[in-house]
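Protein sequences appear in the order of chains A and B. Take 6 as the starting number for the first sequence in the numbering used here and just add one per residue. Take 536 as the starting number for the second sequence in the numbering used here and just add one per residue.
Check the hints yourself; a few may be wrong.
[To be verified] Derived DSBU-like pairs (lysine-lysine); straight-line CA-CA distance at most 35 Å:
id	chain 1	residue 1	chain 2	residue 2
1	B	Lys915	A	Lys52
2	A	Lys9	B	Lys915
3	B	Lys946	A	Lys25
4	A	Lys25	B	Lys620
5	A	Lys9	B	Lys549
6	A	Lys15	B	Lys792
7	B	Lys626	A	Lys25
8	B	Lys626	A	Lys15
9	A	Lys52	B	Lys792
10	A	Lys52	B	Lys549
11	B	Lys827	A	Lys52
12	A	Lys52	B	Lys797
13	B	Lys915	A	Lys15
14	B	Lys620	B	Lys549
None of these hints come from the bench; they were simulated from the model.
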Amino acid sequence: MSLKAEDVVKIAHLARIEIKDEEIESYTSELSEILGFVERLNAADTKGVTPMAHPLDQVQRLRVDEVTEEDQRELFQSIAPETENGLYLVPQVIE
Amino acid sequence: MHNQTITELSAGLKAGDFSSEELTCGFLQRIAQHGEALNCFITIAEEQALVAARAADVLIAKGEGGILTGIPMAHKDIFCTKGHKTSCGSKMLDNFISPYNATVVNQLESAGMVMLGKLNMDEFAMGSSNETSYYGAVRNPWDTNCVPGGSSGGSAAAVAARLVPVATGTDTGGSIRQPASFCGITGLKPTYGRVSRFGMIAFASSLDQAGPMTRDAEDAALILQAMAGFDEKDSTSLENEVPDYSAGLNNDLTGLKIGLPKEFFDEGLDSEVAKVIEVAVEEYRKLGAEIKEISLPNMQLSVPTYYVVAPAECSANLSRFDGVRFGYRCENPADLNDLYSRSRGEGFGAEVKRRIMIGAYALSAGYYDAYYLKAQQVRKLISEDFKKAFEEVDVIMGPTAPSTTFGLGEKADDPLSMYLSDIYTIGANLAGIPAMSVPAGFVAGKPVGLQLVGNYFSEGQLLNAAHRYQQVTDWHQRVPAEFA
């Protein structure tokens, strides 16, 4: 798989990662090389093989739906970049 | 004191030969003396360590506490430690003081261990040389111009240089075993789900597993005993009972069936490393084991499978680092998208960004079947290969890595060549089975690790096989001259 510069710009946007214009070329060639490498998987005959998402042959364990955590908002917000009145602040979203 | 095993240190503490405070001060002194040259510590928690050591001394004086009480240790900086910086080797978390403890941290603390600090690692555990860390590369104590391996490179270097008796590590594709091999120590990746992942910063959730990095198998059994067990805070934690890992250490190996996968000894393996492994296997024959050649036909596909599965999971796991609730935030964001993109663009290093983007691509509309689904199917084939092999043999053996440690910077600009250094270790993560690396010799003064891979829940058997080998060899007792 050979990516184009515009593919990398799109992927970077999907991943919400800013990459600088001068980095696009190197990411394009590195990511293409990695994707080319993983295409070796195409050599495997996987017809009818059940995909394995997880190493354990178990169903998801469920817990009782009850409150087990205590309120630690102040502690958690003490490490936040910006808060006000118990809320996390981000740039204005709605004009 | 720094050359003693946990069992020896524990006996010394109980007998009153030295106190935990003295032991702790001794190791803190070694860290002050050598830590900087190796760059293996990100945080040193001197004050808290001394408080914990004094508390351990009170318990020991009363005749209370267990075998780990008062023994110093250090955590890979991927484990959340309340009140301490937990950086995961990233600028993204350089300012992150964890508000809670990982379950593993609680377990070792309850066992009375004294945490000396947090160890350097590849950024978000993504790397095989410890060169992707925001805090700079760790150096290998056997040759300080070489890498310690990764991602648990700080843990491996610190244990090898005897700056701590034991450290924790995590292993997603070989991150405990490959550095253990490169630094000449013992490292064990348990069965997936055996050790809680709660509070261990997630990289690839279906592969990540924590384990001990120690001087020998006996110590690894003691530490695993304290780390293993069910945790309701980890949704994939196993409820199976934890056996006594030390009980079977001395079991006779007569009749043990050892399989050598021919794919582990192909042209990719350094011929000198191959010779060391052959000698080690010969020791097992002398111990009464039966050796036979086996095949893991899809092994060559394990690295490409991993580089779809792991990036896909990491792109989801690392989406939480967005500059809003904790961690790095860029200066003066213009809008919300700019806040996300620049915080992540500036906060993550190059390898982490590459993997997130590969994952985002593999999961994106139109490519999901070709990459992610295909990789999951091949993962199944790889897992079936192991299942078949364990119908014939008890333990699979081979090299941990295709070579000994390499020079700093040698592979830093070549991601693919770096990825291939995990070719023999990734299979165990994909299948979820336990595996360990034990010191088996040297090539030109650089350590070689022998890998032991077992069936699900066979940690006890692996530790037994490793321990018996360590009874008849002394590779695990070698210490790099500068740190002896």
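Verification of the supplied hints:
no. : hint                : verdict
1   : B:Lys915 / A:Lys52  : holds (12 Å)
2   : A:Lys9 / B:Lys915   : holds (32 Å)
3   : B:Lys946 / A:Lys25  : holds (24 Å)
4   : A:Lys25 / B:Lys620  : holds (30 Å)
5   : A:Lys9 / B:Lys549   : violated (66 Å)
6   : A:Lys15 / B:Lys792  : violated (52 Å)
7   : B:Lys626 / A:Lys25  : holds (18 Å)
8   : B:Lys626 / A:Lys15  : holds (25 Å)
9   : A:Lys52 / B:Lys792  : holds (33 Å)
10  : A:Lys52 / B:Lys549  : violated (61 Å)
11  : B:Lys827 / A:Lys52  : holds (31 Å)
12  : A:Lys52 / B:Lys797  : holds (26 Å)
13  : B:Lys915 / A:Lys15  : holds (31 Å)
14  : B:Lys620 / B:Lys549 : holds (33 Å)
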